[in-house]
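Chain A is fixed; fit chain B onto it per the hints.
Protein sequences appear in the order of chains A and B. Read in order, the letters of the first sequence correspond to residues 1 to 340 in the numbering used here. Read in order, the letters of the second sequence correspond to residues 1 to 260 in the numbering used here.
By construction, these hints were calculated from the structure, which means they are not laboratory data. From the three backbone atoms N, C-alpha and C, an ideal C-beta is built for every residue, glycine too. Warning: the hint list may mix true and false statements.
Now the stretches of chain A that chain B is said to cover, found in silico as 3 or more residues with beta-carbon under 8 Å [said to hold, decoys possible]:
1) 170–181
2) 186–200
3) 205–218
Ranges between beta-carbon positions, derived for each pair [to be verified]:
4) A/14 <-> B/69: 48 to 54 Å
5) A/145 <-> B/110: 53 to 59 Å
6) B/69 <-> A/133: 49 to 55 Å
Below, each chain spelled out in residue letters.
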Amino acid sequence: MKRSFFTSTLFAAVVGITITAVLPCFVKNNYVLGLLAIVAINTIIAVGLNLVMGYAGQVSLGHAAFFGIGAYTSAILTTQLHCNPWLALLAGVAITGIVALTVGIPCLRLSGNYLAMATLGFGWIVYTVMVQWEQLTKGTSGISDIPKLTIGSFVFGNDISRFYLTWAVTIALLVLSANIVNSRMGRALRALHGSEAAAATLGIDVAWYKIQIFVLSAAYASIAGSLYAHTVNFISPSSYGFSFSVELVVMVVIGGMASVWGAPAGAATITLLAEWLSGMGEKISVLKDCEVIVNGLILILVMVFMPAGLVCGIRDLFRRAARKPMPAVAPPPTERGVLP
Amino acid sequence: MTTTTDLLMVQQLHKAFDGYTAVHDVSFAIQPGQIKALIGPNGAGKTTILNMISGVLLPSSGEILLQGVPISGLPSHRIAARGIARTFQHVELFQNMSVVENVMIGRHLRSRGGLLAAAFPIGYVTTQERRVFTEAMNLLEMVQLADFAQYPAGELPFGRQRLLEIARALATEPRLLLLDEAASGLSSREKHELVALIFTIRQTGVTIFLVDHDMDLVMGISDEVVVLDHGEKIAEGIPAVVQNDEQVIAAYLGEELSDA
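The following block holds chain A by itself, in its conformation from the complex (with noise of 0.2 Å):
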């Protein structure tokens, strides 16, 4: 397909890596530097959960629990068993694929929601597991002192350092995320969610698309929380519940369903939100855990006034403010008459 250079991956990535080279510029913050990477693996979620809302059709409330999956299996790996962090990531990847594969392939062969149904009732599972399996999880009091990433003998022990590493990560994945919606694959995940009997007719193997595009969404997740247990050192099982499952529909909702680069602004907006909420709420106590309200109100006013997400619902209304009306569509001329 041609597309201009301005809405192509290339010239977004290029954008995404100024930003990012350039921020830590302005901001010396390092409180805020770590919450913007916290903010980069919020958006790792988002953009692969994307992938499945906006192009599978298909809502997934269990995204905590393979985010959860990740930052254990890293944490458990590392801590216990002293393996490489960067192995014990593409571990956390293998074990979210295959728990993946298992909850995706009943559900996503038969055609409606299921997904959504499954998943939360996995989403519980999960949560239960972490906080019950205390030999393995230590409960709820957590796993701490995990291991910062390496690269060679580079630590990313700084927040800076952290910083760049998330966002170069993420910035990776969704350029890949961008890569897939635009090809032959991409092609067919839309097609299914436009009708599932034509694609089918078509060719298209509808259930083995939707199974891998929930697999790599999940895989997404596990990186996410591989990247998190060792940015932030320290987990808990709080961090994988279902209100985080709920946030991350509200992030691909407000990034904008099917649309790979709205996701860092769904990700920052809620994760942004979330932090500047609990800190009111330490001062004004009626604000305390007012955080799932205001979510939800959000996810309403948004599907009510921007049904196409916070990025192309403002696109649109600049658009509209620039007042360029569509051609009109008329049917070409067609004077050979065949046949009486």
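Same frame as chain A, now just chain B:
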């Protein structure tokens, strides 16, 4: 009646929904290169048969053979891969995609590359994308929709949407093309264009099996006609013979009387 040269053979095909029999032991065959039609009053079971041939519905019993190989029971995408493409009575375009992308989807079977190729579009992947785009544009030329390539498919006028659906089906390079009420909702000029297109398609070696209840259109273009009434085959043969069949006349007269 049925020989080994048959492209498609339908044997004792039966479909029941919750006790209601939609198709009752229907048998017929389609020869390669034919334009064959399946007609009948509303609710005769025409679309049900098409759905069974294309794998959208599973037959309750009976067999469907494509060049002697059974295909009944296979999922839609496998049947598509064996060379059967179709259009839908209620146009099933991918509304969210552009006109040319709709046809590019049709090239799915004629291109390759999975997740890895999607993530890293280098080498053959990029040249293949360009090829798929060109092939899709060629098909759009054929149905005179090339000017609308970049428009959302859902914005096309209805008649053009039908043509686009045919182009998309042809993109799979089928041996057998199933057209489900392709003429319904078309103006008379659009119907003429459709007829011309059907003949053009046949010239390229594609066998056509069409379902319609527009008697005039069907009788004008078909080599052979199968007539269905209440799920049963009541006649089969060349149009001139079928048209004068008493049972066929009664079936259609009955419909007109009950419509009145």
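Okay, the hints, checked on the actual structure:
{"no.": "1", "hint": "170–181", "in the structure": "holds (count 3)"}
{"no.": "2", "hint": "186–200", "in the structure": "holds (count 12)"}
{"no.": "3", "hint": "205–218", "in the structure": "holds (count 4)"}
{"no.": "4", "hint": "A/14 <-> B/69: 48 to 54 Å", "in the structure": "holds (52 Å)"}
{"no.": "5", "hint": "A/145 <-> B/110: 53 to 59 Å", "in the structure": "holds (55 Å)"}
{"no.": "6", "hint": "B/69 <-> A/133: 49 to 55 Å", "in the structure": "holds (52 Å)"}
When each numbered hint is compared with the structure, no violation occurs for any of them.
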